[in-house]
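Here the sequence shown is numbered in the numbering used here, starting from 278 and rising by one per residue.
Calculated from the structure, these hints are not laboratory results.
None of these values were measured; they are calculated from a predicted model.
Incorrect hints may appear among the rest.
Stated by the list, open to error - Listed below are the simulated DSSO-like cross-link pairs for lysine-lysine, each with C-alpha atoms no more than 27 Å apart in a straight line:
id : residue 1 : residue 2
1  : K467      : K383
2  : K295      : K383
3  : K441      : K290
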Amino acid sequence: MTGKLIFKMEVFKFLRDKSFLITAGVIGVLNIVLTLFSLSMASSFSDTYYESSSAASMVGTMAFVSVIVVFGNIIFAYVYPFHMISMDYKNNVMAMMVASGVNRRKLFFAKVGAIFICTLVLMLMITLIPAILFLIKLTQLDGWDSFVDGFNSVFYYTDLSFGKFIFSGLLGYLNMLMVIATSCIIMKGKNLSFLLFIGFNILSSLVTGILNTIAYSFDFSATGSYIFQLFLTIISIVVFGYISLRTLERQNL
278 MTGKLIFKME
288 VFKFLRDKSF
298 LITAGVIGVL
308 NIVLTLFSLS
318 MASSFSDTYY
328 ESSSAASMVG
338 TMAFVSVIVV
348 FGNIIFAYVY
358 PFHMISMDYK
368 NNVMAMMVAS
378 GVNRRKLFFA
388 KVGAIFICTL
398 VLMLMITLIP
408 AILFLIKLTQ
418 LDGWDSFVDG
428 FNSVFYYTDL
438 SFGKFIFSGL
448 LGYLNMLMVI
458 ATSCIIMKGK
468 NLSFLLFIGF
478 NILSSLVTGI
488 LNTIAYSFDF
498 SATGSYIFQL
508 FLTIISIVVF
518 GYISLRTLER
528 QNL
């Protein structure tokens with residue numbers, strides 16, 4: 278079986294997981310309801326105060342809705358990958374696929390790729406409608422220019438661009454998936470995988486913190502520090518990917 282077919286098989290299997298699709302739908306609906314409620318509160322403030330007050334109320338609304346939406350995304354960003362990898366061990370699907378002749382290396386990369394794509398799609402679906410509703414209300418209150426200026430100032434003071442922020446975020450999430458995959462594969466999908474994941478994160482944070490002192494010692498520029506952080510993240514992806522892949526290849530399923 279080719280890697281492309283294995284990848285399609287993994288995506289199809291994930292999309293057939295009704296429990297998580299229903300959960301995604303429920304969280305998405307709750308996000309929309311909370312967003313509409315928050316925006317109605319912002320409208321009541323704008324009817325009472327002047328433009329500056331309405332802009333301040335929109336900032337508070339954005340913060341409140343963002344917390345709710347981010348919380349929903351965290352559920353899928355962490356719980357969904359654990360569930361999808363562990364489920365194959367608990368249901369003996371992993372052993373059946375390997376016994377049927379599926380290449381373990383191709384299976385590993387197809388599974389990680391499918392989880393990465395499916396999780397991002399779910400998170401975008403959860404946040405899309407609340408974001409559109411917020412932008413529509415922001416335009417109605419004539420606060421678009423202020424919002425754009427505030428948004429740009431965040432990246433100005435951190436010497437980052439929006440593209441760099443998105444790229445580093447995606448790379449960091451891929452690194453987290455590798456750590457989750459390593460934990461689940463070593464523990465064969467047992468519930469203790471989460472504790473191993475926490476341990477790996479603590480170890481990785483300690484090593485990264487020690488290596489980050491190099492950037493401070495040599496007084497790297499903002500661009501240099503950003504590249505150095507990406508380099509450390511890539512090294513972490515390679516290390517955990519190698520550990521999980523080698524473990525899966527030698528594992529007695």
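Legend entry - Hints the structure fails to honour: 3
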